[in-house]
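Chains as they are written, first to last, in our numbering: chain A, 1 to 114; chain B, 1001 to 1113.
Keep in mind that the hints are not guaranteed to be accurate.
What the hints assert, rightly or not - In silico lysine-lysine, DSSO-like type, Cα no more than 27 angstroms apart, as pairs:
| # | chain 1 | residue 1 | chain 2 | residue 2 |
| --- | --- | --- | --- | --- |
| 1 | A | Lys42 | B | Lys1011 |
| 2 | B | Lys1017 | B | Lys1057 |
| 3 | A | Lys69 | A | Lys57 |
| 4 | A | Lys42 | A | Lys78 |
| 5 | A | Lys69 | A | Lys42 |
| 6 | B | Lys1057 | A | Lys106 |
| 7 | A | Lys69 | A | Lys59 |
| 8 | B | Lys1057 | B | Lys1011 |
| 9 | B | Lys1011 | A | Lys106 |
I should point out that these hints are in silico values taken from the structure, not numbers from a laboratory.
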Amino acid sequence: ILNVEQSPQSLHVQEGDSTNFTCSFPSSNFYALHWYRWETAKSPEALFVMTLNGDEKKKGRISATLNTKEGYSYLYIKGSQPEDSATYLCAFPNSGGGADGLTFGKGTHLIIQP
Amino acid sequence: GAGVSQSPSNKVTEKGKDVELRCDPISGHTALYWYRQSLGQGLEFLIYFQGNSAPDKSGLPSDRFSAERTGGSVSTLTIQRTQQEDSAVYLCAIRRVSTGEQFFGPGTRLTVL
Chain A
1 ILNVEQSPQS
11 LHVQEGDSTN
21 FTCSFPSSNF
31 YALHWYRWET
41 AKSPEALFVM
51 TLNGDEKKKG
61 RISATLNTKE
71 GYSYLYIKGS
81 QPEDSATYLC
91 AFPNSGGGAD
101 GLTFGKGTHL
111 IIQP
Chain B
1001 GAGVSQSPSN
1011 KVTEKGKDVE
1021 LRCDPISGHT
1031 ALYWYRQSLG
1041 QGLEFLIYFQ
1051 GNSAPDKSGL
1061 PSDRFSAERT
1071 GGSVSTLTIQ
1081 RTQQEDSAVY
1091 LCAIRRVSTG
1101 EQFFGPGTRL
1111 TVL
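The following block holds chain A by itself, in its conformation from the complex (with noise of 0.2 angstroms):
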């Protein structure tokens, strides 16, 4: 069973403040990292999709960045916003193939207050 966390579980962030937040995963037969934006009564959104150690992705006002040899990947949101509101997800490849089901993290909650 892949083990992968995000935290925090929740977060209340004002609006214009820059936020981050974390998922940890196995080291071990890496392939890839997912990030993913899911808003209420919407479908899961990908963001991101990182492979390479030390690799940093950007859309927007959110970035990514990913070190594969500690496990871990950060999600930043710089000038929050109201439809910044959402779970953001981390997912990894359930046998470290590209095309395998992924396992999900439980999200951080984001809430952006006006």
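Following the hints, complete the assembly by docking chain B onto the known chain A.
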């Protein structure tokens, strides 16, 4: 989600009844996944289809659960003799080969009374 539809969107059933959930992806995606999210739990992998290969059923929680994918397109997830703990949102996803991202359908919310 882009390219994946699911039906029904909501299903309420009585304990002990069988239910069938449907996933209809756009054509050309050989990899199809089923997940579910129970109340207070994370997204849980159920089953994965890849082309003509035998499906990876390692995530199915019991033998009451089964899934098939006909003609490499539509997939159905069947739950026999439903129990209250089967209540969850069931999500279907396809994979973009170039990036590895999975794209999710809108889900079916199953409530077992």
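We went through each hint and held it up to the structure:
| no. | hint | verdict |
| --- | --- | --- |
| 1 | Lys42/A x Lys1011/B | holds, 17 angstroms |
| 2 | Lys1017/B x Lys1057/B | holds, 22 angstroms |
| 3 | Lys69/A x Lys57/A | holds, 18 angstroms |
| 4 | Lys42/A x Lys78/A | holds, 23 angstroms |
| 5 | Lys69/A x Lys42/A | violated, 34 angstroms |
| 6 | Lys1057/B x Lys106/A | holds, 22 angstroms |
| 7 | Lys69/A x Lys59/A | holds, 24 angstroms |
| 8 | Lys1057/B x Lys1011/B | holds, 23 angstroms |
| 9 | Lys1011/B x Lys106/A | holds, 24 angstroms |
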